[in-house]
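Using this note's numbering, you'd call the opening residue of the sequence shown number 1 and step up by one each time.
Treat the hints as calculated values from the structure; they're not laboratory data. These numbers come from a predicted model, not from an experiment. Quick reminder that beta carbons are idealized off the backbone N, C-alpha and C, glycines included. Incorrect hints may have been included.
Unchecked claim - Cross-link-like lysine-lysine pairs, in silico, DSSO-like; alpha carbons within 27 Å at most: (1) K87 to K25; (2) K41 to K25; (3) K68 to K58; (4) K175 to K165; (5) K41 to K2; (6) K8 to K53; (7) K25 to K2; (8) K145 to K165; (9) K8 to K134; (10) K145 to K93; (11) K8 to K58; (12) K165 to K87; (13) K134 to K165; (14) K49 to K93; (15) K8 to K93; (16) K134 to K164; (17) K107 to K93; (18) K8 to K49; (19) K145 to K107.
Stated by the list, open to error - Label-pair restraints from in silico Cβ distances: (20) K68 to K2: 16 to 24 Å; (21) S3 to S88: 20 to 28 Å; (22) L102 to E135: 24 to 32 Å; (23) D24 to V156: 19 to 27 Å; (24) I48 to Y108: 28 to 36 Å; (25) E43 to I138: 38 to 46 Å; (26) Y139 to I166: 13 to 21 Å; (27) S3 to N103: 14 to 22 Å; (28) S154 to L104: 23 to 31 Å; (29) K53 to I166: 28 to 36 Å; (30) R14 to N54: 16 to 24 Å; (31) Y97 to G69: 15 to 23 Å; (32) K25 to D105: 36 to 44 Å.
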Amino acid sequence: MKSILYIKNMVCPRCIMAIEEILDKMVIPYTNVTLGEITLKDELMGEIKEELKNRLEKIGFTIINDRKGQLIEQMKNLVINKVHHSKSLDGVKWPEYMADELNLDHKYLSSLFSSVESITFEQYIINQKIERVKELLIYDELSLKEIAYQLDYSSVAYLSNQFKKITGMTPTKFKNSAIQNRNSLDEVH
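The whole structure should be built from the sequences, with the hints applied where relevant.
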């Protein structure tokens, strides 16, 4: 019987590869590994599940057992996937997108997120977008105007104001500073 495990702190393709490697070494049959989810061919029991849990925890992942935690992790992974792993946000309407993807009312999802994470879902999206801006500034391949367009900001001025509000410095100052503080995606709140 197919089973899904929800995993906390998966934020990139390397996370997927690391988990696939563990599953392969343990000879656990699976059909798919995506950000935040492992789809197993069969449900895991007892010692094997405990061993998987321990191996995942050694590399910074956690199996999420409660439904609310699973929903929040799914929301985070949808944002990370859109913001960090797609070419453009192209007018994403976050409330509708979340509701469609998770088949739940966006007001419920937003309220749940805020109650558990102690920030609003909207602030989480902004924080993820700012981390992406930092990454793109460091790569130095796109102009600020191109970055603003890619991340669906209405203008460079709006992006710059939001960036300064979050980081305390302008994008240009950040780009030119010797210390370019970036947070790992699983630490962005």
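Right, here's what the structure says about each hint:
1. K87 to K25: 33 Å, violated
2. K41 to K25: 16 Å, holds
3. K68 to K58: 24 Å, holds
4. K175 to K165: Holds, at roughly 16 Å.
5. K41 to K2: At roughly 5 Å apart (the allowed maximum being 27 Å), K2 and K41 satisfy the hint.
6. K8 to K53: 12 Å, holds
7. K25 to K2: 20 Å, holds
8. K145 to K165: With a Cα-Cα distance of about 18 Å, the restraint between K145 and K165 holds, given a limit of 27 Å.
9. K8 to K134: Given pair K8, K134 holds - Cα atoms ~23 Å apart, limit 27 Å.
10. K145 to K93: Given that 27 Å is the threshold and the Cα spacing comes to 21 Å, the pair holds.
11. K8 to K58: Answer holds: K8 to K58 is near 13 Å, not above 27 Å.
12. K165 to K87: Given pair K165, K87 holds - Cα atoms ~25 Å apart, limit 27 Å.
13. K134 to K165: Judged against 27 Å, a Cα distance of about 14 Å means the pair holds.
14. K49 to K93: 38 Å, violated
15. K8 to K93: 25 Å, holds
16. K134 to K164: Between K134 and K164 the Cα gap is close to 12 Å, so the pair holds against 27 Å.
17. K107 to K93: 14 Å, holds
18. K8 to K49: With a Cα-Cα distance of about 16 Å, the restraint between K8 and K49 holds, given a limit of 27 Å.
19. K145 to K107: 32 Å, violated
20. K68 to K2: 16 to 24 Å: 22 Å, holds
21. S3 to S88: 20 to 28 Å: 35 Å, violated
22. L102 to E135: 24 to 32 Å: Given about 26 Å between the Cβ atoms, the range holds.
23. D24 to V156: 19 to 27 Å: 46 Å, violated
24. I48 to Y108: 28 to 36 Å: 35 Å, holds
25. E43 to I138: 38 to 46 Å: 43 Å, holds
26. Y139 to I166: 13 to 21 Å: 19 Å, holds
27. S3 to N103: 14 to 22 Å: 19 Å, holds
28. S154 to L104: 23 to 31 Å: At roughly 28 Å between Cβ atoms, L104 and S154 fall inside 23 to 31 Å, so the hint holds.
29. K53 to I166: 28 to 36 Å: 35 Å, holds
30. R14 to N54: 16 to 24 Å: The hinted range 16 to 24 Å holds for R14 and N54, with Cβ atoms some 20 Å apart.
31. Y97 to G69: 15 to 23 Å: 21 Å, holds
32. K25 to D105: 36 to 44 Å: 41 Å, holds
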